[in-house]
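As they're listed, the protein sequences go chains F, W, P and V. If you number the first sequence the way this note's numbering does, the last residue is 1442 and the count never jumps. If you number the second sequence the way this note's numbering does, the last residue is 577 and the count never jumps. If you number the third sequence the way this note's numbering does, the last residue is 453 and the count never jumps. If you number the fourth sequence the way this note's numbering does, the last residue is 991 and the count never jumps.
For the record, the hints were derived by calculation from the structure and aren't laboratory data. Some clues are possibly wrong.
Not everything, but these chain F residues come out facing chain V in the computed CB check (under 8 Å) [unchecked claim]:
| # | residue |
| --- | --- |
| 1 | Asp-1331 |
| 2 | Phe-1332 |
| 3 | Ala-1338 |
| 4 | Met-1339 |
Heads up, the beta-carbon is just placed ideally off N, CA and C, and yes, glycines get one too.
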Amino acid sequence: MSRTVAETRASAANPSVIARLLRRPLALAGLIVICVTVLAAVFAPWLVPFDPYEQFFEGLTIEGAPLPPNAQFWFGTDLVGRDLFSRLVYGARTSLVIGVVANGIAVIIGSLIGITAGYFRGWTDTVLMRFTDLMMAFPALLLAIVLAAIFTPSLWIVAMVIAMVNWVQIARVVYTEARSLSERDFVMAERAMGAGAGRILFRHILPHLLSTIIVWATLGIATTVLLEATLSFLGIGVQPPTPSWGNIIFENQTYFTSAPWLVFIPGAAILALALAFNLVGDALRDILDPTQQGRH
Amino acid sequence: EEIKQGGSMTVTYKDDVSTLDPAIGYDWQNWSMIKSLFDGLMDYQPGTTELRPEIAESYEISEDGTVFTFKLRDGVKFHNGRALTAEDVKYSIERTVNPETQSPGAGFFGSIKGFEEASSGDADGLSGITVVDPHTIRFELSRPDATFLHVLALNFAHVVPKEEVEKYGADFGKHPVGSGAFKLSEWTLGQRLVFERFEDYWNAGVPKLDQIVFEVGQEPVVALLRLQNGEVDVPGDGIPPAKFIEVKNDPEFKDLIIQGGQLHTGYVTMNVTIAPFDKVEVRQAVNMAINKDRILRIINGRAVAANQPLPPSMPGYAADYKGYGHDPEAARKLLADAGLADGFDTELYVANTDPQPRIAQAIQQDLKAIGINAAIKSLAQANVIAAGGEKDQAPMIWSGGMAWIADFPDPSNFYGPILGCAGAVPGGWNWAWYCNADLDAKAAEADSMVDPDKAGEREAMWRDIYLKVMEDAPWAPVFNEERFTIRSGRIGGDDRLFVDPVHIPVHYDEVYAKDVQ
Amino acid sequence: MAAYIIRRLIQTALILLGISFVTFILLYLVPADPARQIAGRSATAETVENIREQLGLNLPFYEQYLRYLASLLQGDFGRSYLQKTEVSTLIAARLPASLLLMAGAIACELAFGLAMGIVAALRRGSHTDNALMITSFIGVSAPQFVIGILLLYVFAVKLGWFPIGGYGTFVHLVLPSVTLGFLGAGWYSRMMRSSLIDVLRQDYVRTARATGLSRAKVLFRHAMPNAILPIVAMIGIDIGLFMSGIVVVESVFGWPGIGQLAWQAIQRVDIPIIMGVTLVSACAIVLGNLLADLVTPLIDPRIKLR
Amino acid sequence: MNQSHQKEPWKRETNGGADATATTSLAVNDLSVQVATPDGPKLVVDRLSFDLPEGRTLCIAGESGSGKSMTALALMQLLPRPMARIAGGSAMLDGEDLLTLPESRMRQVRGRKIGMIFQEPMTSLNPVLSIGTQLKGAITAHGELAGRAAGARALELLDQVQIPEPRRRLEQYPHELSGGMRQRIVIAMALAQHSKILIADEPTTALDVTVQAQILALIRKLQVDHGIAVMMITHDMGVVAEMADQVLVMKHGRRVEHGSSAEVFDNPREDYTRKLLAAVPRLGEMTGTDAPKRAKGAEAAQAKAADEAPMVEVRDLTVRFDIRGGILQRPVSRVHAVEGISFTVGRGETLSLVGESGCGKSTTGKALLNLIPWQGDVKVNGRSTRGLGAKAMRPVLRDVQMIFQDPYASLDARMRVGDIVAEPLVIHGLAQGSELNERVAYLLERVGLSPDQMRRYPHEFSGGQRQRICIARALSLSPKLIVADESVAALDVSIQAQVLDLLQDIQDETGISYLFISHDMAVVEQISHRVAVMYMGRFVEMGSRRHIFENPQHSYTKKLIEAVPVADPHRPRRDFVAKAEDLPSPVHPLDYVPPQTRVRDLGGRHLVWEVEG
Ligand SMILES: Nc1ncnc2c1ncn2[C@@H]1O[C@H](COP(=O)(O)OP(=O)(O)OP(=O)(O)O)[C@@H](O)[C@H]1O
Ligand SMILES: Nc1ncnc2c1ncn2[C@@H]1O[C@H](COP(=O)(O)OP(=O)(O)OP(=O)(O)O)[C@@H](O)[C@H]1O
Ligand SMILES: [Mg+2]
Ligand SMILES: [Mg+2]
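So here's chain F without its partners, still in its complex pose (with noise of 0.2 Å):
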């Protein structure tokens, strides 16, 4: 419960960090969420009663409306007559996917640019970052959906997409940090040594902004996991049948009164990834990030 300057002390001489993930509950509840969609993404194929894309005759009425959760249909079927549950597991790793790989790009480039811009002063900093205020003006969603109406949407364009619109907010982040860095003294020290900026940049400043970097990649795999379904939502997303959470929702939205189920199971989905990641990050912040540090 309490905490104590000693204790934050000490727990940078304590580096495992997963031990002290497992004491919070709430990360603890997010840690258990994301191993459990991480394994029925990668053991979908085994764990699924049925075929995901296989629209079953019998899986709609005679009318043509889809079943509500029944014995056979865990989670009741879709408007096609496919299994929903099926169909759940198999969009986790469509969720997944998009989170690891397009949030881990928009990382990469915006570490990179962050730390180049805060550490280089001069034009470099000023291009750069003018660059990013631009992308920062620009708003996200609806950047993300004209690039995705230009390239034909498939999983990988829509990674892609998202990673060109998420990159902006860790750049700032990592400049912001960079530049401060930049201006401690043990980077003067390191000048003072002979160093060369290539070291200065990847041995001294990177490391210590490891902990942000990583902070930010689990709270961006929530937003990444959020704008997929959002640009899913608005049908531009992951190409159908391929099921994502999103475009599950996308595709029964306005089935809401009907059939309440298709849309409401897949959207608990995404909340429950989503907050998973956020606890998780964020527990990550406080145990990481020294600036945070004692905050509860």
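Given chain F's structure and the hints, the job is docking chains W, P and V with the ligands onto it.
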């Protein structure tokens, strides 16, 4: 019995109304609104596809079918109070043809003499239109055109007052002034429009309602929920699939649902220039692979299976034609005959609005059953249209959402741009890139048969053309959509008015409010 | 100060220039052909070509862009291809609805977000704190379209407390603003909490307490103005979130704002509208940031605008 | 206000604690404070008892971490919650036990009965509220005064703490004032409600000596004028000697020694106290010698320095930092950090730079290593470094190294200590593998650390140890000159002495030169051969240590020496300095032409600079 005038009706739409300029408006939402605000020489009998004169009192067609002379009614006034004359009719059509107007309908007037010069901007007006006297106007055509009366019933031929057009310039579409049964009294962009009865309308007793309120930006589902609450009278976008079964089974509403045909066909195009769709066997196999019954079930049975381009209510429909039945076995054999026993990979383009992607997925599954792996490309409608207009882009397109709905009830309307050689050009609408010179010649021949007595013969010719098309199978027709609409209990009128083939979703001029009776 | 504002405005203009350029390129790459859309399906190739020429679509890219810029400089956003209306008119007609929605959302954010954050900070470690923070986490994790549909389903359809979509009265505003403000409330409460906790342990708070000031005075006089600073800095970011949020929220609730306009325009590739809305949103974001930067020195005298 | 007070030389007889007339105002008994640590609760104040007599000053002294602040906070019930809590004891004030009072009653004590001043003047004031608001807030905390009366009282208070232009100050914000001014405001706030007890937790540690002297004198004056009992916390024995009637020495939360100030200084009973006192550098200790305290063969080195080419030659070094603004972000004004200074450092010689905070000492050091842009001429070991890029500087850097002001900040917290010390060798490609290891082990041993500490991280070391790590790193390239920036400023006296000794030993051994930067005259006296006094970016006086300390010529030098607190309670306490003044700002407009200075050579390389005109 006499129907009393008065009362108000609320209609909702999802999309904003783009323009009410008759020369420009060309979507099925503003189409009928414009019809109520403006009048043309010709119109249809309410609820049917039968032509009748509107502001024309009478007309004469010359023997060779190239000269049409119209006599105008007396007492037709614009909403601004000025009397409508033949000059206005001439001005309006010339305005549509004038390239600066950018009218999408200019091409319909291609048969009028002087069209080439006028549409290229070389001439100011159409030499083929003559104002004989303020009440008489004459059209001379460069070739016989059997559809010309239908063309004059199009919105693009509706009459606008020159002075108002010039006053508002490019914004005329937001300040429409016509001679129709209603006039626009309020337009709050993005929110609502209000139509009010035009007191001086030439046709006494029309319209029945005093006021129509259009609320835009309303999701169809929301509109229906509000209709169930008694806040809305007609959901302009129809009954959304999501609510269809519910209202159909609801004793309170099921009697208010009206069903009617539409001049619509939903089809899959196969690009005959892209292998392997250049093989007729493959195209036929696709026709046989599609399980239309399942697709109908997915859309809650709101359509009938189609087997030819023309919809059943169109003259020229081949009622006894059986088409390609659902037969995956045979389809697989055809593929094997074409040397594709192992199937192949291809792409199926589709517009990204519900329910189109769902239908595409059903087709995808059917194709898979005969070994064709079609990846779905679900894009914004405009991008699908763009892909269709490129020769080597889209192997297959599901037409839903962008499908052909006839401009007027004539078989020719389903041929030229979408199956004829003229449409098989970059940027054209013939997404199958099907071009059969013989059939084009036959079509031209049929269209020059103006004589009303030969109508039956002309119909037979067209029927023949479409059956020939089906032999080559550039399309796989899937279904003809049935319109299902609903109205609130307080709105009355013949059922046919609510599924009027041209006045979609209702014939605004003719329906009435029960509560003032 | 004046120099600062001028410089920022110049920067803003440059950013808008950049954004207009990027957007223009992107839209130029969109496969859909505006001329064909205007011409419609019955048009002849000639008509299409004609329209293309009139709109200048056959010009090389840079010339199209320069033309656009030139008219933009005269305050002309162009005319919508499909709505046949001045884009500025369309945006002006819809902007009030969006602003109203944003105002509602901001009210929700501040009311819920700040209150939750303050309570959580003062009770930190307690069950109240945990409960509030879980709520705020849900706020930042919940997809807006799910929240929107859920609220619509529960409060409008099932309970009938609110109208099912629509625009006009205060009751219409409630559900959309809650949906739009949900995310922000989550952020604000978390920021408020950590910022307040941080401030409460500062030396000057201890100094204030050492002079015998009451808790309430210490909190509101001394701690709050400091704690609110990072939140003020959020204004700009917040407007960015709103700009994305309104596309979804307005489409769920049928709210006649510029989000809906943008979404319709994007689907129909109505380039002038997309350009216009993008620029207006960007402008709002940049001005939001400027506003935040201008307000900050009013609260914090250490910050000097140069 | 009574103006006469300020004119009157303020004198007071030193008085032992055994003043029979004084009555006890605060009686602390067995006070214990516990903090929570991962290894369970820990007592940081352990059964501490003392009395605070009315109108007298009690100084609590002790090294860092000995529990001094915790004691003070416990008395105000302001311990950081929930980490720390009172574990027992009582503190009686006017018949009430402060430690058990409920919050609402305690509020009546805070400010009214006990005023408190904290260590950091920079952070003790709310940055977003004006001085007036904060002061009035303190005055009206219990709602006695309001409106105009509060305003009048605020002015009166500012006058009492000798702030010039009090009316204007009310409108100002904390960041617009210097540290000394801020500390005066904090004192005014503590006295706002006529409290009879003042607790001052290291009130001058963060301030320059000159300002420190003013603040200490001010506290003494207020105490006399108002009969306040002061409980003063400090780690500086000089301050203790200057202020205390009674002294309490603490170690690890326990009382080590308690008595009148004369007793403690003259006859310390405990070893610990004796050690503490011995470590304190005493100004004037070295009078009559030339060489640094522990230098061997000093004369030889001096002689060598005189005839060989100097290690570093600096001519007209000027450093200005642009302040940008306006629409185009062009420079609008400049910080004149260093303004045309010239000096040389001979081989094996220690040149000290002294001066107040912000006078440009660190900047000068950094310019030597080309870490910031500068103008003028710098020659290191005969090589001109002007305009050299990072690459070209490398060989030069093998000759000059720097120890930075803040040892912790200058160590990369994510690196192991072994790697940190090896870093320069790796950068210059001087050693690899086992050779590198051996070299690092040797260096660590050299600075008194054990080589098995190589695998630890900087945060696992104490302040003094960290400073040693920095020294080891600076030594690794075997440089010929080390710029040592405030190398001992942050350390406790005992540690400080060790580090100074270490530096001296290294010089004796290797003949290295130092540019020693410090603001502490007492330290400078011990370590330097020559001393340069800096003021506002310029030298005002430079000469051998003997010149500067025994024959200071410039008034500023005299003022600096004068201000150093001396750890001798018998020395007459210094005069109260009337109205405080701020240092002038080093920020000037672009077209500013610095005034010409004239150098006066007093012979024997003793130079004095004076502004012309
Ligand atoms: N918030 C805290 N939580 C836990 N332990 C603390 C906390 N603050 C201080 N301590 C510990 O309490 C002990 C006494 O600290 P205190 O601040 O009283 O020392 P001090 O004598 O004032 O030192 P300094 O001269 O450095 O101010 C130290 O060992 C310190 O580590
Ligand atoms: N990078 C910089 N940009 C602008 N001004 C600076 C910069 N570095 C130092 N200064 C200013 O230059 C002056 C001299 O600073 P410097 O750090 O050399 O002082 P110092 O004598 O070392 O003081 P201290 O004893 O506090 O360390 C100060 O007024 C400082 O504010
Ligand atoms: Mg302390
Ligand atoms: Mg310094």
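Now the hints, each set against the structure:
1. Because the closest C-beta pair between Asp-1331 (chain F) and chain V is about 4 Å apart, less than 8 Å, the hint holds.
2. Of the supplied interface hints, the one on Phe-1332 (chain F) holds, with its beta-carbon coming within about 5 Å of a beta-carbon of chain V, less than 8 Å.
3. Nearest Cβ of chain V to the Cβ of Ala-1338 (chain F): about 5 Å, under the 8 Å cut. The hint holds.
4. For Met-1339 (chain F), the shortest C-beta to C-beta distance to chain V is roughly 4 Å, which falls under 8 Å, so the interface hint holds.
In this structure, none of the earlier numbered hints is contradicted; all agree with it.
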